[in-house]
Each structure stands twice: as C-alpha cells, then as structure tokens.
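Asks: Next come the chains, spelled out residue by residue.
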Amino acid sequence: MLESLLQAFTLILSGEHFLYLVFGVFLGIFVGILPGLGGIVGFSVLMPFIYGMDPVSALAMLIGLIAVVPTSDTFTSVLMGIPGSTASQATVLDGFALAKKGQAARALGAAFSSSLFGGLFGAVVLTLIVIVAKPIILFFGSSELFMLGILGISMVGVLSGDSFIKGFLACGLGLLLGSIGSAPATGEWRLAFGSYYLFDGIKVVTIGLAAFAIPEICDLLRKNQTIAKKDEPLGSGWIQGLKDTIREKWIVLRCSALGSLIGILPGLGGSVVDWIAYGHVVQSSKDKSNFGKGDIRGVIAPESANNAKEGGGLVPTLLFGIPGSGSMAVFLGGLTLLGIEPGPALIEGNLKFTYVMVWSLALANVIGAGTCFFLSNKVAMITKIPYGILAPFMIMIVCFAAFQVTRSLYDIYILVVLGAFCTLMKNFNWPRPALLIGFVLSDTLETYLYQAIQFYDYKFLFKPGVIVIFIIVLVSVYFGSSVLKRKDLKIDYKTKDLFKFNIQNIYLGLILVFFAASVYDSFQHQLTGGIFPGSVSIIMLLTFSYVLFFNNKLLTTVIHTNFSLNDTKDLFKAFSWILFLVLLSSLFGFIIAIVILFYSLMLNKTNLSLTKITIVTACSVSTIIALSHFMVLDFPQGLLQYYFKLPWPFK
Amino acid sequence: MFKKTIVSIATFFMLIANASAVDFSGKTVEWLIPFSPGGGSDKWSRFYAPMLSKALPGNPNVVVNNCPGGGGTTCTNKFAAMKNGDGLTIYGDSGSVKFPFLLDDKRVKYNYADWYKTIVLATPTGGVAYTSPKFYKSKADFKKLQGKALKFGSNGATSLDLIPLLAFEMLGLQVKPVFGMKGRGPSRVAFERGETTIDYQTTSAFKSKVMPLVKEGKAIPLFTWGVVDSSGKISRDPTFPDIPHWAEYYESVHGKKPAGPAFRVWKAFLTAGFSSQKMVFLPTGTKPEIVQAYRDAFVKVTKSKEFQKSRNKRLGVYDQVTGGSNVEGIVKTAMTVDAKDKAWLKDFVSKKYGVKF
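Protein chains in written order, with my numbering: chain Y, 1 to 651; chain E, 1 to 357.
Isolated chain E (complex conformation) (with noise of 0.2 Å):
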C-alpha cells in the first residue's frame, strides 16, 4: 500500500513536470495502423484512440490511419525511416509484423532494436486450441487424439499459426494444415463443418464464437497458449483461469517439462505473437521527454475508470504492460530470439512445410 501510494505520487508529479514540458494542444496526433480498417489492430488502435487524447498533455485530437499493404510490412517500413519524430506520429504493430522481423522476411526494412527506447505500450492477447468432441472427451483421450490425422485450417505457415503447429507438433500430434484460409474466421466455420478437426481462436474470438459450440457439446477446449511475461516466465491465461497452458498440458500428457530448441523458440515467438501482440511505438531517436510524456498518458489510459470498465470486454483480462522498464523489457524478451534457435526453426519450417527463406 504504502509502496503504491509513493508510486502514484511520484507519477502524478512526473505528469505535472512533463505536461510543463510537451503540449500538444491543438495538434493532431496520428496513429500508423498497417492494417486494414475493421481488423484487429484497427479496433484495438480505436478503442484506445480516444482515452489517449484525453491523457497526453494538451489533449491533442488522435486520428487512426490505416496503411495496409505486403503483410504489414509496407507501411512499417516507412515508420522505420521516420527519424526524431515529435510525438505527433505513432504506429502500432502486431505479431503479423514482427514474424517478418524474427523470420528475417526480404521485405523487412525495420530494426525493432531502433524502437527500444521508443516504446510506449504493449498488450498482450492469448489463443485457445480446440478439438472435436467426436474423438477427445478428456485428458485421458490424449493417446485416441496422437493417432488421430488431423486437420487444420491455417492462413501459413510463417502467420501467427506458427505457434500452434510448433505446439502441435512438439505434443506428437499428427497434424496436416491447409494453408490459404482467409483468417481465423473462416477456419472456424471450416471446424464447424467438419472439415477440419484441430483449430484455435484467439481470445475475444474464442470467447464469443467457440464458447457456444462448447455449451452445445460441438468443441472441446484443448489448452491455452498462456501468458508470457517479461521476465519469460509462462502462467495461465486469466481469461480462461481453468483451462490449462499449454506447457502445463505437455507435462501432463508426457510427464516431463517441455525442452530443447523447439520450446525455446515457441517461447520467443510466442511472446512475440500472442504475449505481446501489439506494441505502439514512437519514431527512432524521439526526445525522451516526449517518450516519457506518451508512456504517462498510457498508464494514466489504463489506471482510468473509462478503461477499466471496458478493458475486459475490448481487450480481455489482460494487464497492459506500460511504463518504461515493462515495455522496455518486454519488447526485448519478445524480439531477441537466439541465432541458433532461429535457424532450427527456418531449417523445420522449410523441411515440414516447403516455405523457402
């Protein structure tokens, strides 16, 4: 408690210091969305567009712009070349633009090292696997489930889906994706008919889509991805306390922790992907006081009643990671990936699925 109080009364005045030193009143800030309006991102960016103009200093309007185009990578490239911005261009990423980076895609013209000391926000998002009642009831079916060939609808091998094929892959589940659905939507609906028998959700999707087909008796949860934190440590998703993470499952099914190469990178990426999902940057080489001036408004943003009331429901029972050493570290953990553990995973990904580096 008493911790606390000291804290806030440090931020408070650090607000007050800061809002004497950056104004933005009048001006408009615009936020950098590389995706298209009506996705993810767009929604996640428009959800905290408002509160963010109401904490930075000055009040300044905050508009989304989308900028779509080559996976994300397009509009981020251009990001990247802004240099010493003057806080009244942000952009906001996703796990689709940062597997480009790790994965050293020809079409990457940015160094997440440059936004280390630019970062102002992360949130975290989770995913949930699931399966077909026909087959699998329970833990105790897990042997039925391994000499099942299953299916699985996946966007590619180098999306978001990387994580649950390594996961599947790494439980010895005999998993086949068919690659070219157009996003996790439609897989799903290719579940429900029956034409795939394996498939995830991410959180929100999870929660208002597969939930009902649970109730019915039509899918049965498998595991979560859980919940990295900056630190690296794994805990369960508090969306879905009751549902196991995946490691937790692994130990269950094969009595021992999950490791080697495949865990470590699973890990990295899945910090990357889900863990830290999407993260708002501030050009390369920013002044710090503007820096530091966004990463208050965010933590202003998140300790407000507006936020809190509709967090859940946005968001999910995420704790957004801001303030300065959280994002800091979070974006380290989630983009340094070691060299030899990048390459196991180029070198599996290419054998198992034909992609070409």
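The following block holds chain Y by itself, in its conformation from the complex (with noise of 0.2 Å):
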C-alpha cells in the first residue's frame, strides 16, 4: 500500500500530469466562485476534452476541479451573501455577518485554513477507508439512512434561534418545498398546480438564491450602503482568520470526521454537510448567542465539513459506481469516458488510480486553499464598493446562476416568488436555515421511510443502527430544547395578539393556508403518494393550533421584529428592481435586460456620470458574455428573440 502511495506520488508529480492538475484547480476556483454554478458546470466544460486523455492527467484534472468548489465557493458566501454553490448555503449566516462587521478578510481567512485541513482530512480518510469501506457502506440501508435524515431534522431546533416555533413551522415548509413534484412511491405530481415545471420540483440551488442572496440584495439596496460599513476597517485579514481555525482545531476535527462521513453515506446527498455541520457547532456550544451574527466558528464548521465530504464521496463512487452527489454523478460519467469502470475490481485490482485521485485530492487542496488566501485580502475590497454599483452585478449573477438550473424562464420566476417569500421572512424573523434544512432532507426522509417499510415493516425501527442513531438523536433534540428553558425571553405573547391585523400575522396567516392546501392536494393522490406531505402539513397545523390555544409558553417564542408595513414598502421598491429586470428579461432577453437595468440603477442609486456607469455597465456585460460563451452557459431569452432572430450574443 505504502509503495503504491508513493508511486501515485511521484506519477503525479512527473510530467504534464501537474498541469492539469492546476488547470483542474484553477476552473474549479473560478466556477466555485461564480454563485449557483458548482462543479457540475465545471465537469460539463471538461467532459469534451476528457475523451481520450491520458487517464492519470485526466483524473488529476477531474479531482483538482471538484476539489476546490467548495473552497473558492466561500468568495460570494462571504462577501455578497450569495451561496457560491450549494455546500456553503450555511457559510453566508455568519460568514456574511462578519462581511458586515468589516471583517470579511478574517472570515476568509478562517474559512481557506479550515477548507484546506478538511481536504487533507478527506484525503487521508480516501487512502484509509476505502479498502474497508464496502462493509460501512453496506450496513447503511433505508433505514438507517431514513433515521440519520431525522437527526439532520432534529438540528431544527438550535438553527431556529429564539423563535422556536416559527424554526418548527419554517422547517415543515421547507419539507413540502422539498416534496413538490414527483412521488418517490408512485411517480405522482404533489403540489405542482398542473405546471409542467414543478413536476421535476424545485432545486436546491435556486432555493438557497432565494432564501439567502435576494433578501440581502434587498436590504443592501433598501439601505444603499456599502457591504462592510464605511467607517469600519477591513479587519485584521487572513492571519486573524488562520489563528481563529488553530483555536478552534477540535471544531475542524469533528466537522471533517462529520463531512467525510456523510460524504461516505451515498443517499443524504452533498447539500446537506453543510447545514448539520453548522447545526452540530451551535448545539455543541455554549454560548450560542453570536451564532448568525458573524460568529467565526459558524464558518469554520461547515467549511471544513464541506471540502471533507469530496474525498469522502469518493470513496462509494468509486467502489459501487453509486455517486453520493451531483458532482460525483458527472465525476463518474468522466470515469467511465476514460475507461475506468468502478467498482471492487478498480480498489483491488489496480490502487493506482485511486492513489493518483488521493494525491490529486490533497495536492489540489493545498494549491487552492494557497490561491484563495493569497486573493483573499484584495478580494475583501468588494465589501468597500458602494452597493449602487455592486447591485446590479449581483442581480445579474444572481439571476443568471438561476437560469442555469433547467434554462428556462421559469428558473428565474421562481427564483423571484421564492425571493420575496424569503425577504419577508428574514424581515419578519423567521429562520431560514431551518426551511433549508427542511428543504435538503425533504426527499431522504420521504424516500427511506418509504423503502424501510417496504423492506421491514415497521420492525425495521428495531434494528441496532437505527436504535443507536435515536439515541443521538433524542441527545441532540436535548441540547436543541435548551433555548425553552432560557429565562430571559421577556417578549410575551398571548393568543390574541396573533389575532391582530398586521402584515407579519398575514404572512403566518399565508403559510397556515398553505400547510392547509397542502393537505387537501395530498388527498387527491394515493396513500403512499401523498402521505408524507399530508402528514407534515397536518402536523404543522395541528402543532400550531396547540401552541396557539395551550401552550403560552411556547407561544412566547413567536417573536414578530418590528418591521411594519411601511417598511415592508420600503423594501418592496428594492425589490422591484430585481422584478425589472426579470420583465425586462422576458420581453427582450437577457443582455438587454441587463443593460438597461445597470444603466437605471446606477443613475437612480448612484452619482456616477454616464461614461462612469457605461464604462461599469460594458465589463460587466463583456464578462458575463464571455462567461457563457466559454461556459456553453444560455442567457434566458424573451419576446423578442421569439420573434426576431438576432445576432449573437442578443439570441
């Protein structure tokens, strides 16, 4: 073993082999940090020239790419409060916080460090596991993945903050999102209204643009600041941000055994390391109360989860051929163009190969954890620029990463109905992180509950692993109840004041209403089809109806903010420039939707003269352009192009 470790070594080393090892490293960093695009673009762009390649420089190139994602994807998490892709939805809470404080450059600084040890923990575990692993991986049925999809769940309570209860309701939404479309059990249509878009339901990309990017345009754009306040420095940059992981080194331990093990587990799917990491440092701490207010151990947990999980996943991809995510699923499409089939015979027979991917893993690690810190600093600038400038990049980017999810239109309009959705839900304090974690463990829960009745029936509650998962389950529901014990939640609500006319007691009003649709739907399809959204509805409702009429105690924990109506006006004006573009797009396309919206928010928000604002308005559209052109990326297309044919890059 050890000589074949070394061999892999010095093969990698020798030749071009390098190269494309950094070539694979460098896309990787660029698609990481273009928001919503994540390896999978990246594989796309590879793929054509992979047929054919050398096999070791391929794989080096492959695994240099998705390597690095999760590391350069922090840039955007950061500094724009936009999920560079969808492992580091959880880096934006207190990532961008701490963006805000001024101290972006730290945040940075802690997330590569933590990033760069998670990789090499992957890494080791690769080399280490993967001759054992068939075994670990076999003992993880239905089951058992159903009853880690319940821990995942059972995170709610400390993701939620001080109000519990909306957490609970916010978490029940995010299940149903989570539901829309296609039956695990029976193939039908939940939730889909007859729209032929919803039957394939929504993506988690675009649901972590929503939730977290659009409310943080809006507000930006409401309060026309820069990101990081004027008067404030940018921090102490990247050394800080390097002692803050050596401090916090048992926090990057766990959180990389946590990412590797997940990513191991192929079924609970990449997007979800994030958020139990995030939700297993603010269970395990003791003060929890800076958590989402730029807390640094809130970046370092999920980040070094996020790039432990890659060397992890590989480790099913390649000894059952069965990818534990989206990326590993195009990873193992590249195998198989270069001839490597995976399975036993790959790890028994030929260690080369796997040694050359470990090797690449750790390489690829370091070269780009290196390039991001050595960026880091100078990036941090982009929290200095005023946001009149700022914006409309970020809605273009935003709204461009979106359509990329099925290139259609309807991308985009969900992207903006969820966008308001979750704009009034950060104003109105209700927990996003909690619809997320809903939102990614939805299909596990539904699909293995399913399976594990199917294959046991109810006995299958009785096998060891899932007694043992309960177990730390029940511990984590403990530590996640402490926020009810607390003494000092002075804010008392009573029944009737949820009674009130108010826009915040509408909007809980609106989600009550469509638990209830929920319900309705889920009796138009058969048992097996519409259980699970019938259940989840039916216990949300009645939940709340028990809190609402019994339980004042609980009931203390809807804590309304007090945002009243003319602010929500306020912000709905920031919001309808994201509305504008998205008309716009619809009727004459995208680029020229894009520069018309640079052009009036920039003479609206700003005092630059108009060769200033065209000079901002040319890099921005030239990039976004050469983006798709390089990328084989589409723009959506409007009325316009449905009418006329025009020249490239206006079709």
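Where hints are given, some of them may not hold.
Capping the alpha-carbon separation at 35 Å, the derived lysine-lysine pairs in DSBU-like fashion look like this [unchecked claim]:
no. : chain 1 : residue 1 : chain 2 : residue 2
1   : Y       : K134      : E       : K176
2   : E       : K148      : Y       : K459
3   : Y       : K134      : E       : K342
4   : E       : K106      : E       : K342
5   : E       : K137      : Y       : K463
6   : E       : K356      : E       : K342
7   : E       : K176      : E       : K207
8   : E       : K134      : E       : K215
9   : Y       : K463      : E       : K351
10  : Y       : K288      : Y       : K569
11  : E       : K257      : E       : K78
12  : Y       : K463      : E       : K207
13  : E       : K106      : E       : K352
14  : Y       : K645      : E       : K83
15  : E       : K78       : Y       : K203
16  : Y       : K463      : E       : K148
17  : E       : K233      : E       : K144
18  : E       : K143      : Y       : K134
19  : E       : K300      : E       : K207
20  : Y       : K352      : E       : K143
21  : E       : K106      : Y       : K203
22  : E       : K215      : E       : K346
Everything labelled a hint here was simulated from the structure, so no lab data went into it.
Using the hints, put the two standalone chains together into the complex.
Replies: Laid out in structure tokens, this is it:
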C-alpha cells in the first residue's frame, strides 16, 4: 500500500500530469466563485476533452476541479451573502455577518484554512477507508438513512434561534417545498398545480439563491450603503482567520470527520453536509448568542465539513459506482469516458488510480486554498464598493445562475417568487436555515421511510443501527430544546396578539393556508404518494393550534420583529428592481435587460457620470457574455428573440 | 463477399457524391441530450461525438449540449418544435423518452412518426435479471422461486423497469416492487444489502458490477431480455451468449411459447426501451441530402477502426443500427404499438401499481 502510494505521488508530479491538476484547480476556483455554478458546470466544460486523454492527467484535472469548488465558493458566500454553491449555504449565515462587520478577510482566512484541513482530512479518509469501506456502506440501508435524516431535522431546534415555533413551521415548509413534484413511491405530481415545470420539483440551487442572495440584495438596496460599513477597517485580515482556525482545532477536526462520514454515505446528498456541521457546532457550543450575527465558528464548521465531504464522497463512487452528489455523478461519467470502470475490482486490482486521486485531492486542496488565501485580502475590498454599483452586478449574477438550473425562464420566475417570500422571512424573523434543512432532507426522509417500511415493515425501527442513531437524535433534541428553558425570553405573546391585523400575522396566516392547501392536495393522490406531505402539513397545523391555544410558553417564541407595513413597502421598492430585470428579460432577453438595469439602477442610486456608468456596464456585461461563451451556457430569451432572429450575443 | 464489395463501392461513391452536396466545414453541430451530464445517454453521445465529427463532410465541431428536465420530455418537446433543420442540431433520445410517448404522457408534445424520415442511428443495449443464490441455484429451482415473495428495487412502474415488472409477472413470480430507487445503481446496492431479492442491470453495469458478485456466489443470473431486431425476432444477447433470453427461459419452465397481449406489448416496449434504446434524429423536414450525409457518416463511424476497437467496452457487443432502411425499420417497429395492446398495458399498470394515466 505504502509503495503504491509513493508511486502515485511521483506519477502525479511527473510530466504534464501536474499541469492538468493545476488547470483543474483554477477552473474549480473559477466555477466555485460564480454563484450557483459548482462542480457540475465545471465538469461539463471539461467533458469534451476527457475522451481519449491520458487517464492520470484526466483524473488529476477532474479531482482538482471538485476538490476546490467548496473552497472558492466561500468568496461570494462571505462577501456578498450569495451561496457560491450548494455546499456553502450555511457559511453565508455567519460569514456574511462578519463581512458586514468589516471582518471579511478574517472570515475568508478562517474559511480557507479550515477548508484546507477538511480537504486533507478527506484525502486521508479516502486512503484509509476505501479498502475496508464496503461493509460500512452496506450497513447503512434505507432504515439507517431515514434515521440520519431525522437526526438532521433535529438540528432545527438550534438553527431556529429564539423563534422556536417559527423555526418549526419553517422546517415543515421546507419539507413541503422539497416534496413538490414527483412522489418517490408512485411518481404522482404533488403540489405542482398543473405546471410542468414544478413536476421536476424545485432545485436546491434555486432555493439557496432565493433564501440568501435575494433578501441581502433587497436589504442592501434599501439601505444603499456598502456591504461593510464605511468607517470600519477591513479587519486584521486573513492571519487572524488562520489563528481562529487553529484555536478552534477541535471543531475543525469534528466537522471534518462529520463531513467525510456524510460523504461516504450515499443518499444524503451533498447539500446537507454544511447544514449538519453548522447545526452541530451551534448545538455543541456553550455560548450560542453570536451565531448568525458573525461567529467565526459558524464559518469554520461548514467549511471544514464541505471540503472533507469530497474525499468521503469518492469512496462509494469508486467502490459501488453510486454517486453521493450531483458532481460525483458527473465525475462517474468522466471515469467511464476514461475507460475506468468503478467497482470493487478497481480498488482491489488497481490501487494506482485510487491513489492518484488521493494525491490529486490533497495537492488540489493545498494549491486551491493557497490561491484563495492569496486573493482574500484583495477580493475583500468588494465589501467597500458602493452598493449602487455592486447591486446590478449581483442581480445579474444571481438571475444568470438561477437560469442555469434548467435553462428556462420559469427558473427565474420561481426564484423571484421564493425570493420575495424569503425576503419577508428574513425581515419578519423567520429562521431561514430551518427552511433549508427541511428542504434538503425532504426527499431523503420520504424515500427512505417508504422504502424501509416496504422492506422491513415497522420492524425497521428496531434495527440496531436505527436505535443507535435514535439515541443520538434524543441527545440532539435535548440540546436543541435548551432555548425553551431560557428565562430571559421576555417577549410575551398572548393568543389574541396573533389575531391582530398586521402584516406579520397575515404572513403567518398565508403559511398556514399553504399547509391546509397541501393537506387538500395530498388527498388527491394515492396513500403512499400523498401521505408524506399530508402528514407533515397536518402535524404542522395541529402543533401550531396547540401552541396557539394551549401552550403560552412556546407561544412566546413567536417573535415578531418591529417591521411595519411601511418598512415592507420600502422593501418592495428595492425588490422591484429584481422584478424589473425579470420583466425586461421576458420581453427583450437577458443581455438587453441587463444593460437597461445597469443604467437605470446606477443613475438612480449613485452619482456616477454617464461615462463611468457606461464603463461599469460594458465591463460587467462583457464578463457575463465571455463567461457564457466559454462555459457553453445560455441566456434567458424574451419575446423579442421569439419573434426575431437576433445576432449573438442577443439571441 | 461480392455483395459486400458492391455495397462498399456504392457507399464510397455515395459518400463522394454527398460530400460535394453537403459541407459542414467551419460549422458547429449541437447534439442535444435531454439528460444530465454523466448519465448513460451523455456518455453514449460523448463517445460518438469526436468520431462523428471526423466522419461528417467538412469535419464540423460536434458539441454535446445537455438539456435535462421533465424526465427528458422538456428538451424533446423543444426539439420537436424545430422544423427543417440545417443539420447543425441533432438530438439523441433514450428509452425513457420513448416510454412517455408510448404511454401518452400528458407532458409529451412530440410524435415519433415525425422522425421516421430523419432517424440516422439506433443503438441497442440489453439487460440481465438476477436473483439470490439462497433459494435459487438453477432452472430446476424455478418452482421454489415462484413460491417466494420477492422484492425488487424500482425507479417507477412507467420507467424502463416496466420490462422486468412485466417479465416477472408473465413468469408467474410474486414480485413486490419497492419504488423510489434513484437509478439502477442504488437498486443493485439494495440487492447486495439483502433488502431486495431480485434485480436487473443493464449490460455494462451487469458486466462490471454484478459479474464479480456472481463469481463470489452472491448472485445468480436468471435471463437476459434478449435483442429484438427490426423484423421483430428475439435472439440471445450477444454480450451474454450463455445466458438464455427471457422468451427461451419462459418456454423451458412453462413448456410453451409466450403469447397474448402481455407478451406482444412487452416485446414492443422491449424494442423501444432496450433493443433500440438510443436513437439519433435530425429535426423533422430536414432535407434528404443532409439526412443522408448523417446516415453515411454513422455507417462510416461504425466501420472505422477507432470505433471497433472500443465499441465492446463502451456500448457492449451490439451491432449498431445504421443505414437508411435499417434505422427506419427499427424506429417503426419500436414505436408502433397496437392500440388494443396499449390499452391492455395501461389497464394492467393502473390496476397493479395504481398509476393514473
């Protein structure tokens, strides 16, 4: 083993292999920075070149690419509050809060150093585990995976902050949004309201952008400042972040282990890992008061976990040929194009390739994190750009990213609807992390519960693995409920307060109506098709009624903010800029719409001269055109393009 | 031999004649694949793309464009709306796009009849069913297998899994499908885990992932689906010449040939889902000379050394269906299902698995 490990190391450093690795890493950094685009898009760019390439170079390049996406995606998560990829949604919570305090460089430093450690940890796990992992993967069947899903859901308590009951409802809402579209048991289309688009369900990229990017853009537009307040310095930079990581070494270690484990288990999906790690660190910290407001631990935890996940994720991909996440699926496709057939034979017969991947993973993490470190102080300056200039750019990037989900205008329409909903959610003090965790676990819970019952009847509850995980769930719930025991919660809600006519109560009412509608929808389907969304909705409605009428203590956790109707109108003005772009895109196509948006927004929000506006617009628009050209991505088309044949790039 | 020489000389001249008529030099051909990168159809198209580029007149750049959504129907609908193509957009389907059409899925806005004249390639594949050696060693144990309540991991009753479900049903096996599997890979792992007791894999996955299990004594192959040709004849799968195909197996355990609506509809869907699983089309109304240029190009590709060297590894030991009459024949065989048989199938699937049409 040691010998082949060394052989693989010299192999990767020899000849052009290393150059391909570096190329993969740089492409990975690039697609990672671009919000919404992750490893999948990067792979699609590389795919045409893979066929017929030298396998070692190709492997180095592919691994280089996936290894650094969860490192570089941190840039936009921290600096703009836009999740750079689905693996770094949780990083936004504290990372962006730190950026607003002017500590962007510190957050980035901590993120990259913990990413580096996580990545290396994943490589070690891959080396050690891959030979013996088969029984581990076979041990986690449908029953155990379902219970792990429950463990994930139990984090909702701690992810809800003070507003426990709102977090509970938000989680239910996430579960429902995740169940839209085809039912795993029967293939029936639920909550789709006849829309073919919704038949496929909502994608996690869309919901991530809607939950984090859109609300931030609206808030910043409303306040019209820079992201970091002007008078605050950029902080002591990345050295401080590095020190933070070293200080919190146990968190880094625990979350790396957690990340690799989730990666190894196929079926939980790549977008869960950051949330579980975040939930874990909140749960296990004594002082929880700063989470969500800029606690560096909230950056370190998800970042070490999401990099460690890749090494773990390679284990089932190589051993069984079953990918644990979207990017692993594409990687698997790349392997077959290279003529490498994954399976036990690959591991047992030819360790060379596996160890080439191990070294690529390790080296890629070092090069990737190093490059990102180098960039961090410079790129952190973005937070000092006046928002009038940054805003149109961010709107452009977010809409463009959302459009790539299925390349249909509906992607953007859904983004806007959910974005509006989440913007209010943020300002009305509803915990968005709870929504997200419900969403990413919805399919896991439903599918595996259904399968476990089909395979084992209700006896699945008594399998040893299930019992062990259940005990962990109980511990987790115990920690999660500690918020309810706090005595300093003074806001006192009475039942009648929730019947007053104000905007936040109406919002709450609408959510309840959605639950009721979902109950109705469930009865339109077969039992196994409708039972999951139906039960979730009924549980939500019953629990809320109970809290509303009989449990005053829990009712106090319905914490409304002092955000009035007038503030909401103000917010809508900011939001209408996004609506404006969507409307223009539907009419004239994306490029023309973007140009109009840049001019009108900057004329309105900044004092720049027309020449300067033109320069900013030209730079931004040509960036996005170049991007779409090289990545073979499309732009949304409008009515104009439908009726007239326009030259590139307007087509 | 003489015939072959004549044909190849004729093809050669036709190629020359066409090269002068159709020329794609400096152009880019976009190959639409209605599934995500990394999937079966994606790999298939990327295997063909560079060779197609070399074989087309003018050697255009051939790029694969993935446009997933709606189980493949969204992109196929878009392609169906394209008329009178210039040969710069081609489209590759899969069995899972054909089934919704055959079953009148409401999302489908395409009609295969539009493409009978513009089909240029069909690629067959196969599948192998296997079970657990705990209660089945050889055909002699068939009665034992019949008496057993079997579990089968499935993606859904209207997916390609319709073929195994019907095959098991006709044999009289008691198979309970567990739906919601995310593809064949996880189904196979569920079998390895012992959660399911009967399963099938497509040719390439069976070769690389199940064969090791067979060698270890953890799985026993039952039968292949066989391959249906354009005249409707079923023969053994050339990749697994030692394993009987389903119809053979049926005859040997039941003592009579399979017949009736169930068998007719099964064979039709087998042709669509496996024996001509992936097809390449040009937009309807594309000029015959452009279609011909593509048909010739695929003939040329499949005859090339480069192709023959790696075909077995990439696509299995299947003869690719190329050339005008062959491809037109197979698409008609695959996509024409008798209305009565279709009604029988829908009735069966909705009664048995509760699928609403």
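Asks: Flag every earlier hint the structure violates by its number, smallest first.
Replies: 3, 11, 20 and 22
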